[in-house]
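Go ahead and model the full structure; you've got the sequences and the hints to work with.
Using my numbering, count along the sequence shown one by one with no gaps and you end on 257.
These aren't lab readings, by the way, just hints derived from the structure by calculation. If you're wondering where the values come from, they're calculated on a predicted model, not measured in any experiment. Each statement offered as a hint is correct.
The list that follows gives simulated cross-link-like pairs (lysine-lysine, BS3-like), each with its CA atoms no further than 30 Å apart:
(1) K108 to K78
(2) K108 to K181
(3) K115 to K145
(4) K155 to K115
(5) K91 to K252
(6) K61 to K91
(7) K121 to K17
(8) K17 to K91
(9) K155 to K181
(10) K78 to K17
(11) K181 to K252
(12) K78 to K121
(13) K121 to K205
(14) K115 to K205
(15) K17 to K181
(16) K115 to K9
(17) K115 to K91
(18) K9 to K181
(19) K17 to K108
(20) K155 to K91
(21) K17 to K145
(22) K145 to K108
(23) K9 to K61
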Amino acid sequence: MSSKTHSRKYWVGGNWKCNGSLSSIAALSEALNPSPFPFTKDDLDVVVFPTALHVHAAVEKLPGAYNVGCQDCCVAAKGAFTGDISADMIKDFGLNWLIVGHSECRAKRGDSDEKVAEKVKRAMEAGLNVTACIGETLEQQQAGKALEICYQQLKAIANSVTDWNRIVIAYEPVWAIGTGKVATPEYAQTKHMEIRTWISDNVTKEIADNLRIVYGGSVTPSNCETLMQQPDVDGFLVGGASLNAGFVDIIKSALVA
Numbered sequence: 001m002s003s004k005t006h007s008r009k010y011w012v013g014g015n016w017k018c019n020g021s022l023s024s025i026a027a028l029s030e031a032l033n034p035s036p037f038p039f040t041k042d043d044l045d046v047v048v049f050p051t052a053l054h055v056h057a058a059v060e061k062l063p064g065a066y067n068v069g070c071q072d073c074c075v076a077a078k079g080a081f082t083g084d085i086s087a088d089m090i091k092d093f094g095l096n097w098l099i100v101g102h103s104e105c106r107a108k109r110g111d112s113d114e115k116v117a118e119k120v121k122r123a124m125e126a127g128l129n130v131t132a133c134i135g136e137t138l139e140q141q142q143a144g145k146a147l148e149i150c151y152q153q154l155k156a157i158a159n160s161v162t163d164w165n166r167i168v169i170a171y172e173p174v175w176a177i178g179t180g181k182v183a184t185p186e187y188a189q190t191k192h193m194e195i196r197t198w199i200s201d202n203v204t205k206e207i208a209d210n211l212r213i214v215y216g217g218s219v220t221p222s223n224c225e226t227l228m229q230q231p232d233v234d235g236f237l238v239g240g241a242s243l244n245a246g247f248v249d250i251i252k253s254a255l256v257a
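See the structure below:
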């Protein structure tokens, strides 16, 4: 449906998960600040997602070309939810990006499609930009249900979106997250095209054409360039490889796509 002649601004995210310390973030910030510095916010959107405890350190240490976001939010706006952080609090802290629906939250914290949809709703109300994750498990893929699962997850998210300009869809096949396995460029392109087609058919073609769909799942400096060449791949949500200097190489692959 699209080609690299499109006007979509590329997006690269680094999900630090439950990793980091004040000293490691200080060291990482030096690696992520090479000279000459390779990009500006006008070139593409680059967002790192540290733990909530380390957000301040990331904001303080990273150059201004980076955005800093949160890895998750509370399903409610406020109340008796010990340990949770609401979307309004994230916005109040001066942040603009949030991840929802990551496979680890779905599998380990019981985030159903309905719960993910509620988080999207809260984020939209707070004025946050949302990186919404979808993707199938290995069992679902082997059963031929990958597309069905992705559409089911996508439908729940779409029902809560009020501003598509503030949404990035991250397609992350669960079997490729942290496993060293990676979807082939052709597989990733097919799934991204199918996601864009669903948006075109169920929302609008204009929104589909402008929606940024990024790939996640064992993205590294060695495979990012071939993935980035695919016409419907608009960037990456990176896990482990965002914790070292190789993250800059992944960012650069989006600059030359």
